[in-house]
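Participant: Protein chains in written order, with the working numbering: chain A, 1 to 381; chain B, 1001 to 1316.
Certain hints may be false.
Chain A side only, calculated, beta carbon under 10 Å to chain B, not exhaustive [unchecked claim]: (1) Gly3; (2) Leu9; (3) Gly18; (4) Gly216; (5) Gly227.
Residues of chain A clear of chain B, computed beta-carbon distances all greater than 12 Å [said to hold, decoys possible]: (6) Ala66; (7) Leu109; (8) Gly111; (9) Thr140; (10) His186; (11) Ile196; (12) Met306; (13) Ala366.
Bear in mind the hints are in silico, worked out from the structure with no lab data behind them.
These figures come from a predicted structure and were not determined experimentally.
In this text, a Cβ means the ideal position worked out from N, Cα and C, and glycines have one as well.
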Amino acid sequence: MSGFLAILLKEFAHIRRGKTTIVFTFVVPALQLTIFGYAIDVTIDNIPLAVLDLDGRQDSRAFIEAMVNTRAFTVRERLQDFGGLRRALSAGRVKAGVIIPANYSERLLRGERAEVQVLVDGSDSQVATTAVNTVSLLATQMSVARGQALNERMQAAAARDPAGRQAFPVDVRPRLLYNPDLESSHFFVPGLIAIILQLVLVFLTSFSIVKEREQGTLEQLFVTPVGRAGLLFGKLLPYALMAFGELLIVLVLMVGVFHVPIQGSLPLLLVLCGLFIVTGLGLGLLISTIAVTQIQSLQLAFLLMMPSVLLSGFMFPRSEMPLPIYLIGAVLPVTYFIEILRGIILRQAETADLLPSIGALGLCCAVILALSMTRFRKQLD
Amino acid sequence: MSEAVIQARGLGRQFGPVVALRDVTLDVPRSAIFGLLGPNGSGKSTLIRMLCAVLRPTAGSARVLGIDVRQDPEAIKRRIGYMSQKFSLYADLTVGENLAFYGRIYGLSRERQARRVQAVCDLTGVGPFLDRLAGALSGGWKQRLALACALIHEPEVLFLDEPTAGIDPVARRDLWDLLFALAHRGVTMFVTTHYMDEAERCTHVGYVYLGRLIALGTPDELKRSDEVTPPGTRRYELTCPDPPAALAAARAAPAVRDATLFGNTVHVLADGSLSPERLLEQLVPDGAGAALRPIEPALEDVFVALSRAQAARGAA
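Work the whole structure out from these sequences, hints included.
Facilitator: Right, here's the structure in full:
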């Protein structure tokens, strides 16, 4: 460990001198969390809708009103002909169009099937899925209501509740746990913390080491009595401390600004964050042993960030992914860290519940550290 | 007679199948300035890195200050200084912070550190710039700071890897004055360089060519060696209006052993039996504006002669 203190003090002097490091560590993550935390909202509502109501009477107006009342749709245009509707869709002014035929009211009155056509722009699959599900559910509900009204007149019922009113024969009562209001932020903010923490760790550490190699100062250090351990820990410890400070800031933001409370144990959370910080330092070190220039280390860090965002389960559920893609996510430590964060913060998970994720993260950490340290040592020889 | 400060015996290094350096044997006495020359890629850096105990030899042995480079590299590192051509300083730290950092690296006590900073500032003159960022210094001052950092722990041996590459001539001369001052205080220096004038200032020189140390000695010894000026030959400097034509003529003349362009003149190694007048006739037939004068070989002549001989041996 000889030279540890000298390297440590020098590294803090670099950090103090280069204001960008401090901004990058403390200010940028706070901004990122705030901006992205608000931006990423997957509850889809207010889909712009064009209406072509050829009937125009009470029943058809009630249908449109019911669509708007789901809050999934908002009426943008009322049109008179089919061509206008197609143009509104192709121009992208609306994402969905509803066509109510002229004989809608008559057919309902006669007890015949009334057909309502809904055109949905399928290019954004999430919006389209929501639109299709919403109108299907709406049609079912309206049909059931009409059926029940008919039953009532005939004194018949498929099932009745204790008060004697008509009821569904099968009554499913979903109850939402952990995130009853289905707030997107509850799901995304803990994951975002993991992503931002990895970003800061990997960039800072790989940069600080590659910079030293690029300047030739690393070569100079090898000629001095600085030990490998002293060099490594002296360089990494400051960034570990900075990352921990950054973590505390974003956790406070999460609780204070996004009102995502930490349901589980805070000490457990911090200990496991510590494990991830060590892993992140290892990743940075690994990149620094591959990259020769700072530009290369930047490229490698980006190469790591893309799958970390897309394949880790941060954005999309991993259970839906094809096996090869699923396996890519499985070797990313951030995958397990996101599972751990969501577990502790949202579901009050305890150590025993998280053992698989903790084990996997620990394994990632051990492999990355072993690999990066070996490569780092080799380069010194 | 004390042991040589730097001692190599059959030292060699292989990188995989590539032999970067083979069979180097040399002794550098205390207070010497040893100049190591050779083309790029000839193995100079490999040699200097092995002597600094950074790179393990694959053949032979080396001792620096009596310590074997393989047995206790750390002990050697504590007692040597190293300065590279890149002036490896931290540009975003001040001059004072750079000095303090290297002082801490070598574990100097607080009092010794203060004393040493004063001493290296006195020697190199960086004292007035202690609060300036190292990156803001000019090339010559960066080099002085690098030297100051390399000297902070009072090393007994100083390794300098092309210390004057890319430095203006005045700064270059200033640095050499500093090196002489250090040698006078008993510091042994091992310098690699491309500059012949710098080599001339060294007390000992070595020349590495294609991974072999092909010349070793004081500059005077080398100039007098038979391989450079074989018995029965003499060296002349030819001044004439058309040196390239004279060079071609010289290379064609049977009495001429070797000829090389030196600026506006041609250095010619010819049989001593031939009189200067006859030689001049052969080289510049019309004789107009041409003059021939006998000279001692410069170090450059030495290295050219030795490289050619070595290349000829290698080709044979």
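Participant: Next step is simple, just say for each hint if it's right about the structure.
Facilitator: Right, here's what the structure says about each hint:
no., hint, verdict
1, Gly3, "holds (5 Å)"
2, Leu9, "holds (7 Å)"
3, Gly18, "holds (6 Å)"
4, Gly216, "holds (4 Å)"
5, Gly227, "holds (8 Å)"
6, Ala66, "holds (66 Å)"
7, Leu109, "holds (83 Å)"
8, Gly111, "holds (84 Å)"
9, Thr140, "holds (67 Å)"
10, His186, "holds (42 Å)"
11, Ile196, "holds (26 Å)"
12, Met306, "holds (31 Å)"
13, Ala366, "holds (29 Å)"
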